[in-house]
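Q: Put together the whole structure using the sequences plus the hints.
If you want the building blocks of each chain, they are given just below.
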Amino acid sequence: GENVEQHPSTLSVQEGDSAVIKCTYSDSASNYFPWYKQELGKRPQLIIDIRSNVGEKKDQRIAVTLNKTAKHFSLHITETQPEDSAVYFCASGHLNYGGSQGNLIFGKGTKLSVKP
Amino acid sequence: EAQVTQNPRYLITVTGKKLTVTCSQNMNHEYMSWYRQDPGLGLRQIYYSMNVEVTDKGDVPEGYKVSRKEKRNFPLILESPSPNQTSLYFCASSLSGVAQPQHFGDGTRLSIL
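As given, the protein sequences belong to chains R and Y, one line each in that order. If you're matching positions, the first sequence starts at 1 in the working numbering and goes up one per residue. If you're matching positions, the second sequence starts at 1 in the working numbering and goes up one per residue.
Rather than coming from a laboratory, the hints here were simulated on the basis of the structure. Quick caveat, the model's predicted, so the values are computed rather than measured. Hints should not be assumed to be uniformly reliable.
[Stated by the list, open to error] Each computed SDA-like pair below joins lysine to any residue, with the alpha-carbon atoms no more than 20 Å apart:
(1) Y:Lys65 with Y:Ser111
(2) R:Lys108 with Y:Val60
(3) R:Lys42 with Y:Asn7
(4) Y:Lys17 with Y:Ile112
(5) R:Lys108 with Y:Pro61
[Claimed, not checked] Residues from chain R that keep clear of chain Y, each with C-beta distances beyond 12 Å, as calculated:
(6) Lys58
(7) Arg61
(8) Asn67
(9) Thr69
(10) Thr78
(11) Pro116
All residues carry an ideal CB built from backbone N, CA and C; glycine is no exception.
A: Structure representation (structure tokens):
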């Protein structure tokens, strides 16, 4: 079945540095790739997503890149701040021609620690 | 306030005693889903529903049942809970499927003894 590999499992950076988290997926039919942030004891929340017809998407300090040929996508956080400390999950989904499918496969998560 | 509400938030119970975790959303969302979160395993989808009376299995459906009789509610049923179902459970909803932002509930921590 579909599998999403996420690396690294933990990441520690100094405040102000950049952080990169990488994911690879196995199903070539996957065409939707969201990233979720989960702070300690809280619910996951969508921070950014990308569809397969786009190679890169930015939202302020956060960016996601997608390489369809290699079947991998990455989350980039620049100028990290202590409040970026959380667990980040990548996921992949398959959209059909009607716009959406139901199955979302998550990576195992990356615990990001930003040290002041 | 737009929200996904799960109940109970915490439950300790014993093997074999049927239980139901309720999930309700007030956003008129068509899509609802259940996930379990275990340390080191991330979020794994149990069941999802694209609309009323339409449900389908996710990656780990064994031991669980769901129903979608009304748009706003999507209960998760454990007919005969076992210790390996001890986990943190999240319900989520979105407007029309996985390509829309998933709104998660606050989670339900289940302990099966």
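Q: Next, verify each hint and record whether it holds.
A: Hints, one by one, checked against the model:
For a cut-off of 20 Å, the pair hint linking Y:Lys65 to Y:Ser111 stands: about 18 Å separates their Cα positions. Taking the CA atoms of R:Lys108 and Y:Val60, the gap is about 15 Å. The hint holds against a cut of 20 Å. For the suggested pair R:Lys42 and Y:Asn7, the alpha carbons sit about 16 Å apart, so the restraint of at most 20 Å is met. Restraint check for Y:Lys17 and Y:Ile112: the C-alpha separation of about 9 Å stays at or below 20 Å, so the hint holds.
Distance restraint check for R:Lys108 and Y:Pro61: the Cα-Cα separation of roughly 18 Å lies within the 20 Å cut-off, and the hinted pair is therefore satisfied. With a closest Cβ-Cβ approach of about 17 Å to chain Y, R:Lys58 is found to remain outside the 12 Å limit, as its non-interface label requires. No beta-carbon of chain Y is positioned within 12 Å of the beta-carbon of R:Arg61; the least distance is around 19 Å. The beta carbon of R:Asn67 sits about 20 Å from the closest Cβ of chain Y, which is more than 12 Å, so the claim that it is off the interface holds.
At roughly 22 Å, the least C-beta separation between R:Thr69 and chain Y is larger than 12 Å, which holds for a residue marked as non-interface. Taking the minimum C-beta to C-beta distance to chain Y, about 23 Å, the non-interface status of R:Thr78 holds against the 12 Å cut. Listed as outside the interface, R:Pro116 is consistent with that label: its C-beta sits roughly 26 Å from the nearest C-beta of chain Y, beyond the 12 Å cut-off.
Violated hints are absent here; each numbered hint is respected by the structure.
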